[in-house]
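Enquirer: Protein chains in written order, with the working numbering: chain A, -10 to 99; chain B, 5 to 117.
A hint or two may mislead.
As a list, the in silico BS3-like pairs of lysine-lysine whose alpha-carbon atoms are at most 30 angstroms apart [to be verified]:
1) K42(B) - K(-8)(A)
2) K(-8)(A) - K44(B)
3) K57(B) - K(-8)(A)
4) K26(B) - K57(B)
5) K44(B) - K58(A)
6) K58(A) - K26(B)
7) K57(B) - K41(A)
8) K22(B) - K(-8)(A)
Computed footprint of chain A on chain B; a stretch qualifies when at least three of its residues, placed anywhere within it, have a C-beta under 8 angstroms from a C-beta of chain A [unchecked claim]:
9) 46 to 60
10) 105 to 111
Per the computed footprint, the stretches of chain A lying under chain B, defined by three or more beta-carbons under 8 angstroms from a beta-carbon of chain B, are [what the hints assert, rightly or not]:
11) 3 to 14
12) 90 to 98
It should be emphasised that the hints constitute simulated quantities derived from the structure, not laboratory data.
Since this is a predicted model, take the numbers as computed values, not measurements.
A virtual CB, placed ideally from N, CA and C, is assigned to each residue, including glycine.
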Amino acid sequence: LAKTTQPISMDSYEGQEVNITCSHNNIATNDYITWYQQFPSQGPRFIIQGYKTKVTNEVASLFIPADRKSSTLSLPRVSLSDTAVYYCLGTGSNDYKLSFGAGTTVTVRA
Amino acid sequence: DTEVTQTPKHLVMGMTNKKSLKCEQHMGHRAMYWYKQKAKKPPELMFVYSYEKLSINESVPSRFSPECPNSSLLNLHLHALQPEDSALYLCASSQTELTYGYTFGSGTRLTVV
């Protein structure tokens, strides 16, 4: 599994865009990048997954540059309810175990 | 049904007690997982079941005993736990071992006294 590094915490205000960058220098050719969101006392929730370039869904966008050594999760126009821990994981096609790093605590203020 | 249901939501048990945690999903997923999460720490994998067979045991102490009676149900039997085993226990499922879109339950908050 790719070792990932992300900021410990980020602060934002309602209505702003939040961008969380994750570094994964040793990502393998077959690894995907997957992001999960976790609220206090709840299980993590799958947000988005990508391999390269840009992926967008109703919740977020994921940008992965050509070298795939980093990725950026973009949360548009955040609200107070987006306050959570966000985990970046490298997941390989032959290694399905989810190993969570420390994650990024995003705090959205009014 | 797109949920993983865990019961109970909260459990307090003594160190000599025997209790069980239950996890259920009806999404047709054939891989199920137990994770343990301590406060302000990321979830840690404990066990993986694939097609009702134990696939991975991450060197978990024997006082934790998993069981998968059928493809929809996963149990975690607890016996002679220690206070340091107090944590949030999360169950998750995925279509197979080789898919990444896990669905997690809300967890059981376990306190060992």
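Enquirer: Take the hints in turn and mark each one as holding or not.
Expert: These are the hints, each one checked on the structure:
Simply put, K42(B) and K(-8)(A) have alpha-carbon atoms about 21 angstroms apart, close enough for the 30 angstroms limit, and the pair holds. A hinted pair counts as satisfied when its Cα atoms are at most 30 angstroms apart, and K(-8)(A) with K44(B) qualifies at roughly 20 angstroms. For a cut-off of 30 angstroms, the pair hint linking K57(B) to K(-8)(A) stands: about 29 angstroms separates their Cα positions. Restraint check: the Cα-Cα separation between K26(B) and K57(B) comes to about 17 angstroms, which is no more than 30 angstroms; the hinted pair holds.
Annotation: proposed proximity of K44(B) to K58(A) holds, straight-line Cα distance about 27 angstroms (limit 30 angstroms). Of the pairs offered as hints, the one joining K58(A) and K26(B) is violated, with about 39 angstroms between alpha carbons and a cut-off of 30 angstroms exceeded. As the CA atoms of K57(B) and K41(A) are separated by approximately 34 angstroms, the hinted pair breaks the 30 angstroms bound. The straight-line distance between the Cα atoms of K22(B) and K(-8)(A) is roughly 38 angstroms, outside the 30 angstroms bound, and the hint therefore fails.
With a threshold of 8 angstroms between beta carbons, the proposed coverage of the stretch 46 to 60 of chain B by chain A holds, since 6 of its residues qualify and at least three are required. Only when three residues or more bring their CB closer than 8 angstroms to a CB of chain A does the claim for the stretch 105 to 111 of chain B stand; here the count is 7, and the claim holds. Evaluation of the coverage hint for the stretch 3 to 14 of chain A: breached, as 0 residues show C-beta separations to chain B shorter than 8 angstroms, against a requirement of three. Here's how the stretch 90 to 98 of chain A fares: 3 of its residues keep a CB closer than 8 angstroms to some CB of chain B, so the rule of at least three is met and the hint holds.
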